[in-house]
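Participant: Residue numbers (my numbering), protein chains in the order written: chain A, 803 to 981; chain B, 1205 to 1301.
Derived by calculation from the structure, the hints in this document are not laboratory data. Glycine residues also receive a C-beta, built at the ideal position from the N, C-alpha and C atoms. One should not assume that every hint holds.
[Said to hold, decoys possible] Example chain A residues on the side facing chain B (calculated, C-beta under 8 Å, incomplete):
id, residue
1, Phe-813
2, Asp-870
3, Ser-873
4, Thr-905
5, Asp-906
6, Glu-908
7, Ser-909
8, Arg-913
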Amino acid sequence: MKTKRIVFFPFFKRVIPADFENWLEKMAADGWHIERVRQGSSMIMIFTKGMPKKYRYVYDLRAIANKDYVSTYEQFGWQHLGKMASVNIWRMEYSDKRPEAFTDKESIKGRNKRTILAISFSFILSLLALIAISIVLIFFPSIISADEKTQLIIAAVVLAVFTLMLGAIMIIINKRNIQ
Amino acid sequence: MTETMFFILLSLQHEHHGYGIMLHVKELTKGRIILGAGTIYNSLSRLKKDGLIKTFSEDDRKKTYITTEIGEKILKVEAKRLAELCSSAKPLLEELK
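Construct the entire structure; sequences and hints are all you get.
Facilitator: Here it is, written out as structure tokens:
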């Protein structure tokens, strides 16, 4: 029987925080668990087979959090699985009532807004880098060697894919917000 | 002021830590409002930044908070506004009877 399950780019497929949480919860209900979340978890997540569990996961993106952050969640019984980029993943086992970390409209909105801001910020950064590289390649090809040119073209392609992906994520989030 | 902010500020007339606030608000509202960890953390950060509450005590895991003088004043202004709303709403309840 398979005991490990590997999922690539779990985050990019489920960009809405609630979708990501629900997906992790469904995996846990089927007996697939993650014990730690690390920087690399946005690229690859490895689930281990175990007993089916009723887990509530919470996705909370925070660029800055003071030390009260972790202790406040822990007082409520949440377990900190770790951080990928600035996204904290919390988990709590439950039986009847599904626990919530954000319980009023303002904080749910705030959580979604922080997520959209972070994605927009990365989008603008990668777009600026792409523009900078394109300017060098198109207008100043004489100042770089052939080797450097190849490297820059590769970088430009990677950045273009990344920018397009972030753009697509922004469109999806916007559409979902209108609904 | 949102309902959440009002109840948190009301609780912090006495010192409480995050979880203690949730329990207190739950009791005050007879279980209607059960605040989550994320909401409490957001609200406390906000209230502290605005100078309405301050740290009361701190050990390695738990920090307790209490209202500041300004916080107390603002709480009273808000209470006055709510009382006014209540008295305006009362005749409606009489009509409904």
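Participant: All hints, please: hold or fail.
Facilitator: Status of the hints after comparison with the structure:
The interface hint given for Phe-813(A) is broken, as the beta carbon of that residue sits about 19 Å from the closest beta carbon of chain B, more than 8 Å. Look at Asp-870(A): its Cβ gets to within about 6 Å of chain B, closer than 8 Å, so that hint holds up. A hinted interface residue such as Ser-873(A) counts as satisfied when its beta carbon comes closer than 8 Å to some beta carbon of chain B; here the least separation is about 5 Å, so the hint holds. With a least beta-carbon distance of about 4 Å to chain B, the hint placing Thr-905(A) at the interface is held under the 8 Å criterion.
At its closest, the beta carbon of Asp-906(A) sits 5 Å from a beta carbon of chain B; the interface hint therefore holds under the 8 Å criterion. Hint status for Glu-908(A): holds, given a least beta-carbon distance of 6 Å to chain B, under 8 Å. For Ser-909(A), the shortest C-beta to C-beta distance to chain B is roughly 4 Å, which falls under 8 Å, so the interface hint holds. The restraint placing Arg-913(A) at the interface with chain B holds, with a minimum CB-CB distance near 7 Å, inside the 8 Å limit.
Violation of the numbered hints given earlier is confined to hint 1; every other hint is satisfied by the structure.
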